[in-house]
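Just so you know, the sequences run in chain order G and E. Here the first sequence is numbered in my numbering, starting from 1 and rising by one per residue. Here the second sequence is numbered in my numbering, starting from 1 and rising by one per residue.
It is worth saying that the hints were derived from the structure and are not from the lab. Bear in mind the structure is a predicted one, so any value in this text is a computation, not a measurement. Heads up, a few of these hints could be off.
Copies of one chain are not kept apart here, so a pair can be met inside one copy or by any two copies together.
What the hints assert, rightly or not - Taking lysine-lysine pairs in the BS3-like style, the calculated list, with each CA pair at most 27 Å apart, reads:
1. K517 <-> K504
2. K517 <-> K120
3. K379 <-> K517
4. K219 <-> K379
5. K517 <-> K219
Number of protein chains: 2
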Amino acid sequence: MRLALAQVDPVVGDLDGNRALILQRIREAREAGADLVVLPELVVTGYPPEDLLLRPGFVRAARECVEAIAREVTGIVALVGAPLLDEGELYNACAICADGAVTGWAKKRHLPNYGVFDEKRYFASGTELALVDVAGSTVGVTICEDMWIPGPPTTELAAAGAELVVNLSASPFHIGRAQEREAIFSARARESGVRVALCNAVGGQDELVFDGHSLVIAKDGTVLARAPGFEEVLLVVDLEQPETMTLAPLEDDLEEMRQALVLGLRDYVAKNGFGDVVVSVSGGIDSALTAALAVEALGADRVHCVSMPSRYSSHETREDARRLAENLGCDFRELAIEPVVEAATDVLASSFAGREPDLTEENLQARVRGTLLMALSNKFGWLVVTTGNKSELSVGYATLYGDMAGGFALLKDVFKTDVFRLAHHLNERAGRELIPQSTIDRPPTAELREGQLDEDSLPPYSELDRVLEAYVEDDRTLEELSADGFDPDVVERAVALIDRSEYKRRQAPPGVRLRPKAFGRDRRTPITNRWRS
Amino acid sequence: MRLALAQVDPVVGDLDGNRALILQRIREAREAGADLVVLPELVVTGYPPEDLLLRPGFVRAARECVEAIAREVTGIVALVGAPLLDEGELYNACAICADGAVTGWAKKRHLPNYGVFDEKRYFASGTELALVDVAGSTVGVTICEDMWIPGPPTTELAAAGAELVVNLSASPFHIGRAQEREAIFSARARESGVRVALCNAVGGQDELVFDGHSLVIAKDGTVLARAPGFEEVLLVVDLEQPETMTLAPLEDDLEEMRQALVLGLRDYVAKNGFGDVVVSVSGGIDSALTAALAVEALGADRVHCVSMPSRYSSHETREDARRLAENLGCDFRELAIEPVVEAATDVLASSFAGREPDLTEENLQARVRGTLLMALSNKFGWLVVTTGNKSELSVGYATLYGDMAGGFALLKDVFKTDVFRLAHHLNERAGRELIPQSTIDRPPTAELREGQLDEDSLPPYSELDRVLEAYVEDDRTLEELSADGFDPDVVERAVALIDRSEYKRRQAPPGVRLRPKAFGRDRRTPITNRWRS
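Could you build the full structure based on these sequences and the hints that come with them?
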């Protein structure tokens with residue numbers, strides 16, 4: 001059997017666009033002589049369509065889209081992920097398309113309702129097995145979570161005679177996920193003694209990035225073929241001819257992060273109809289990395305850098321900001337915030353009489369910057385890409401409506417220690433200095449008051465990031481963290497800061513999810529919450 | 001049997017505080033001679049605890065809290081809502097406390113996973129019936145959704161001999177919900193021929209408000225007793241003595257909205273540890289209503305009004321802002337934004353050279369106001385209560401980081417037409433002009449350019465609100481709305497605006513949910529979404 005896996009990047013809600021994309025890949029697969037072409041989970045609607053699935057008109061239109069696709073499927077069998085309304089219940093399903101019609105449906109059995117997933121909000125569970133004959137072979141059809149779980153339906157499909165079990169997925173990326181996924185799907189192949197073929201979606205959808213890495217696996221669990229990550233591809237293989245198999249390499253965690261960030265930003269910009277982006281560059285490493293990644297995603301001519309120095313900005317950071325833009329080949333401008341800060345300070349003077357300067361004056365500078373940046377965004381239609389990292393966002397070391405103001409928070413799920421690693425990585429890949437070395441070497445500072453350093457307010461990032469990982473991602477308690485050997489003072493300060501800044505995170509822009517537990521859909525914490533341990 | 005319903009307002013995560021609150025009510029019930037005291041669903045943790053339930057340390061601490069409560073329960077049976085970890089599965093459960101110990105558990109069977117609810121994310125479904133003997137009677141125990149659904153467990157509890165079925169609820173308010181709830185619980189009583197007693201939580205938790213309205217219902221479905229809405233109360237009744245029954249009145253929709261808004265704001269402020277709030281008063285009706293409600297929630301001495309006129313503010317609106325603060329008895333100050341807007345305009349002048357004024361200059365004014373307001377918030381610790389209504393937020397007629405900047409968006413779920421109704425209602429209740437009549441009478445204007453009126457940019461609110469209700473809340477399609485008789489032009493403009501402003505709503509502060517489908521957890525729409533009908 002010749003098998004095609006169409007690892008594509010649909011757009012949520014764009015039924016017409018997705019239909020064209022699907023039909024194009026089906027045609028290519030047929031021209032390549034494939035007997036069977038597999039597309040990702042819910043490829044017709046894009047994944048996750050969220051509450052669009054609760055709109056009867058949307059579900060009807062998706063069904064019409066599937067029928068229109070099926071009418072053009074001849075000379076090949078196509079498996080197309082789509083919602084199915086059947087006897088009043090909605091299913092996460094797969095249309096089996098052949099001979100110009102939908103000849104059957106497979107329904108997802110195991111519905112994930114954890115982490116970023118809410119599938120029990122929308123779908124009923126399928127119960128029947130879905131088998132289809134293709135070129136004399138029996139093929140079992142499953143959808144994503146169905147093969148993450150040992151036992152049925154995979155074992156039942158094998159028992160019912162399936163020699164190949166295919167899986168339509170929209171399985172989001174996090175660091176190390178491709179390796180986990182391979183281990184799981186290999187285990188399913190071995191347990192049931194069947195070949196497995198996985199077609200995963202690719203592309204960015206709000207905070208999620210789907211990484212592709214579609215797979216063909218032998219009965220003994222050996223990975224025979226692997227599609228590349230983070231790009232669209234049609235992988236065509238002859239199951240009986242090993243020489244047709246290709247194994248795209250799995251990258252290390254840094255390169256995976258880079259690719260996910262680039263794809264996540266590129267798709268957010270493209271799918272939401274933006275042209276250019278603007279980044280506030282401070283001379284610091286977060287904004288430098290953000291701008292450099294934006295250039296990789298969009299090209300230098302679509303990235304605008306704005307430096308907004310204040311009285312506390314050093315000559316060195318101002319020069320680094322300018323040099324970064326030169327290194328990247330971006331548009332650059334400098335806007336002095338001082339006159340605006342002074343005007344605001346004057347207006348507030350009588351209200352603030354007799355009060356000492358405090359965080360207020362620091363936040364004011366950040367908010368003046370946010371206001372100027374948004375004015376550029378409004379005037380020129382540029383998307384503001386914010387520059388804060390996960391460490392800062394965790395402990396609330398960021399100003400709402402200031403440096404948090406913008407449409408996409410690219411580094412939202414990148415710890416500060418990984419910001420440094422990524423900066424090195426980008427320079428190394430480029431073979432030259434993109435991010436100035438002086439930016440990498442300078443101790444982190446927000447430059448919102450004289451001589452300020454991040455470590456005046458926060459534990460050192462090397463310690464902080466380990467606490468954040470354990471508390472935010474692994475749900476360790478204060479006591480457990482101390483027992484784990486973390487410095488109790490660091491733990492207590494960090495945890496108090498994390499719990500008290502949930503309200504800020506609620507108003508943060510979306511950003512690329514990179515880790516097993518990102519802020520947002522992954523970690524649903526009340527704002528009003530007195531739990532402190 | 002003497003029955004006590006402890007309609008209380010716990011705080012999410014505050015196990016110590018909730019324990020004290022629960023024990024206080026149990027003592028009061030015992031002192032009143034009650035045989036049985038019922039507390040709300042998950043009263044130990046507060047509802048909804050969201051992903052706190054995924055932290056093993058939190059679940060352990062909640063269990064210890066239940067055991068500590070039970071040790072003090074003597075001379076009465078207490079039903080206390082709490083999570084239960086049993087053989088590796090977590091349940092939404094009720095601890096049956098008597099004789100100084102937990103003598104049994106009831107487990108929720110029906111887990112809501114729609115609307116604002118995500119219970120299948122956390123809980124397994126109970127399967128066993130829970131019956132407890134109290135003062136010679138058999139009592140069945142159910143939890144919230146268990147009695148919203150006909151059939152089991154209510155019918156099975158009746159068949160097993162229950163004469164009274166109690167229900168522990170944390171059932172959130174929306175307009176008309178109390179009436180719906182009574183109809184549903186009456187139907188359960190009639191279907192099974194049992195008495196029903198419902199103890200509902202009360203209080204605000206982020207966007208949700210629990211309205212109380214606890215109930216005692218006769219076998220024939222007659223409501224015998226009703227606790228008041230929106231306040232804590234211990235309702236004690238003798239089931240055999242009709243004269244002990246009290247029927248608090250159900251209020252009309254306006255008064256319900258007012259009470260929900262007041263309680264929602266008061267609890268958000270108190271539970272998050274704020275003292276005072278600040279409201280930007282423009283002379284318009286939204287900010288006037290917001291300030292008036294804030295005064296009802298917190299008292300005039302904790303509400304600060306700030307007027308921030310620009311060159312486009314009329315003498316009349318400036319005077320109305322001042323008069324509002326006088327009427328309410330609030331602190332008032334005026335900050336002129338012009339110098340700050342001018343300074344920002346100068347800084348941007350070279351970037352904007354050759355460009356015509358557009359929305360940018362309007363948003364700039366709103367953002368300067370937001371920046372000044374946040375400076376007051378930072379300096380004095382005041383919570384900023386924003387003033388936008390649901391109509392504006394639906395169509396994106398609001399400035400991110402401008403008038404949307406703040407901690408709580410009180411009117412987030414109030415349509416503009418209801419803003420007018422509520423303003424009248426507040427004045428009427430007060431028996432005097434709180435909100436100046438000239439504010440109510442003036443055609444709505446954002447005053448961000450010369451002679452601007454909302455209706456230059458938007459359909460008339462009377463039409464717009466009906467379209468919003470049908471599209472946002474009832475999921476009608478464009479075609480259906482036209483078939484329903486709505487003006488197709490209004491519909492098309494409104495729907496395009498709604499779909500394109502999801503990104504703004506994601507960065508909006510929380511506000512009080514009042515309607516069956518509020519923005520937020522109720523309506524989970526992707527930002528990246530090309531569906532347009």
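Hint by hint, here is what the structure shows:
1. In this assembly of identical chains, K517 and K504 lie within 27 Å of each other by CA distance both inside one copy and across copies; the values are 18 Å within and 24 Å between.
2. Taking identical chains as interchangeable, the C-alpha atoms of K517 and K120 lie at most 27 Å apart whether they share a chain (20 Å) or sit on different chains (19 Å).
3. Taking the shortest Cα distances, K379 and K517 never come within 27 Å of each other, neither inside one copy (36 Å) nor across copies (34 Å).
4. With identical chains, the CA atoms of K219 and K379 are never at most 27 Å apart, being 58 Å at best within one copy and 67 Å at best between copies.
5. For the identical chains of this complex, K517 and K219 are neighbours neither inside a copy (33 Å) nor across copies (49 Å), given an alpha-carbon limit of 27 Å.
Hint compliance for this structure: hints 3, 4 and 5 are not met, and every other hint is.
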